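Undergrad: Sequence lines, in order, name chains G and Y. Numbered according to the numbering used here, the first sequence spans residues 1 to 392. Numbered according to the numbering used here, the second sequence spans residues 1001 to 1098.
Hint data in this document are derived by calculation from the structure and do not stem from the laboratory. One or more hints might be untrue.
Stated by the list, open to error - Examples of chain Y residues toward chain G, derived with CB under 8 Å:
| no. | residue |
| --- | --- |
| 1 | P1012 |
| 2 | A1013 |
| 3 | P1014 |
| 4 | F1060 |
| 5 | N1062 |
| 6 | F1064 |
| 7 | V1065 |
| 8 | G1067 |
| 9 | Q1068 |
| 10 | N1069 |
| 11 | G1075 |
| 12 | A1077 |
| 13 | K1081 |
| 14 | A1091 |
| 15 | M1092 |
As the list claims (entries may be wrong) - Just so you have them, the derived chain Y footprint on chain G, three or more residues with Cβ under 8 Å:
| no. | segment |
| --- | --- |
| 16 | 39-53 |
| 17 | 113-119 |
| 18 | 285-295 |
| 19 | 356-364 |
Nothing here was measured: the structure is a model prediction, and the numbers come from that model. Quick reminder that beta carbons are idealized off the backbone N, C-alpha and C, glycines included.
Chain by chain, the residues:
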Amino acid sequence: MATNYRDLLDKTRSEIVNIDNDQAERLRREGVPFIDVREQDEVEQGMIDGATYIPRSFLESRIENVAPDKDAPVVVYCAGGARSAFAIKALEALGYSNALNLSGGFNSWKISDLPWRVPQSFTPEQRRRYSRHFLLPEVGEAGQRKLLDTKVLMIGAGGLGSPATLYLAAAGIGTIGLVDDDLVDDSNMQRQVAHTTDRIGMPKVESARIAIESINPDVVVNTYQTRLSKENVLDIFAGYDIIFDGTDNFASRYLINDACVLLDKPNIHGSIFRFEGQATVFHPPAGPCYRCLFPDPPPPELAPNCAEAGVLGVLPGTIGLIQATETIKIALGIGESLVGRLLAYDALYQEFRELKLDRDPACPMCGDNRITSLDDIEYTDVGCLIPAFAAD
Amino acid sequence: MSTTGTVTVLIPAPLRRFTGGESKVSSGGSSIAELIDGLEASYPGIRDKIVEDDGEIRRFVNVFVNGQNVRKLDGVATQVKAGDEVGIVPAMAGGSVA
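Please model the entire structure based on the sequences and the hints provided.
TA: Below is the structure:
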């Protein structure tokens, strides 16, 4: 029976498996999870490369998310091997049969010149702001860092762009670009929730900037009050990781698609019409591009465009947030994206259908004999004309 | 109209003016081509919106049988049977509307 701390530590160490730096480094290279159980201020000074930080007080509640297989090896460390020894006991009580104590801790690891890094830290304000993300093992601090490092370009600050922009800003997407040449008007208010009645008449990109900055000061906002053209599209897209298509016309949709294919950027696609919406992600070669699905735009007299046909005000919220969800998943690298799947939504019947999309090997944009320049492509705006196809 | 079996056809909003506003209609036929002929018999004018004069599906429309694009199957010759669900998905542009 231990009578003081030193006795208890010696006894605990004698009952667990302790490993040295060389053994640990071999395991680290094999991908064995490393758990850092020190305090926040210690971790901020540096941690073992690839390790996951779980404060000792949260070890029991969070370990299963990081190391779900209780028979697989897991390495636990602290500064000198004492706190981690007790942590091993806690893991054994949870059923872990192969939890290993790094006997020299981080201090010995660091002076042995083994791989470590200084984690980018969050301010106390950011820790509170993103705390619900930190609690998700699929996001966590590393994921939040990815979001803050991600640059998303929103094409269209209207029906689809508005709700998505608000949530992407709230989620901490670090850079949001806004492309729209339009001004806010009163007919937008029914659905374009990034704008407000007192901002009618203001450029949409400026109105959306105000909305973003009032939600999250972490976000850098770039505005482009212009219409996309083949002269400017590649330059604008080049500075972004993910392109969000929330436009209202076929010319822009084909232009966005083609530029995304040329620059190998994921294209988060959504469209709405009356009570129905579609959403997917185009990112060949994992899936098709927009031209694989719709090789040509409809002729003008058949082009459904919701400017004339109307749209249920909440519908762009539903579709825009599906697009925002896909954007976040791609930024984080989690889950299964809508690449190769079209989600078709009918608000009147509250039904979703999933349609399988395939690449077209003969696609002029992403197929075997692909176009390598936008110069020779005609982008004719067939929207906003006579929607005979759409007229009821 | 063929009586080989009832197939559910999902009519997209832009085509509902032909179906009296119905978003789901039943039609018969053993192939997509027959199904579209059946739709035309019930809802005159709808055929031209889905297929070209030569009978091939228009390039801004996709037709799916149980979630599979018929372009990857046998096109308008793709077989259908009772209980199948056929979706007609046209290109839509709406999003950021001034």
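Undergrad: Are the hints correct? Go through all of them and say.
TA: Hint check results:
1. P1012: Check passed: Cβ of P1012/Y comes within 7 Å of chain G, closer than 8 Å.
2. A1013: With a closest approach of 4 Å, the A1013/Y hint holds.
3. P1014: holds (4 Å)
4. F1060: F1060/Y check passes; min Cβ-Cβ to chain G is 4 Å, inside 8 Å.
5. N1062: holds (6 Å)
6. F1064: holds (5 Å)
7. V1065: violated (10 Å)
8. G1067: holds (5 Å)
9. Q1068: holds (6 Å)
10. N1069: At 6 Å from the nearest chain G Cβ, N1069/Y passes the 8 Å test, so the hint holds.
11. G1075: violated (13 Å)
12. A1077: violated (18 Å)
13. K1081: violated (19 Å)
14. A1091: With a closest approach of 4 Å, the A1091/Y hint holds.
15. M1092: Cβ of M1092/Y sits 4 Å from chain G, so the hint holds.
16. 39-53: Violated, because only 0 residues of the segment 39-53 of chain G bring their Cβ atoms closer than 8 Å to Cβ atoms of chain Y.
17. 113-119: violated (count 0)
18. 285-295: holds (count 3)
19. 356-364: It holds: at least three residues are needed, and the segment 356-364 of chain G offers 4 whose Cβ sits within less than 8 Å of chain Y.
Hint check: violations occur at hints 7, 11, 12, 13, 16, 17; the rest are consistent with the structure.
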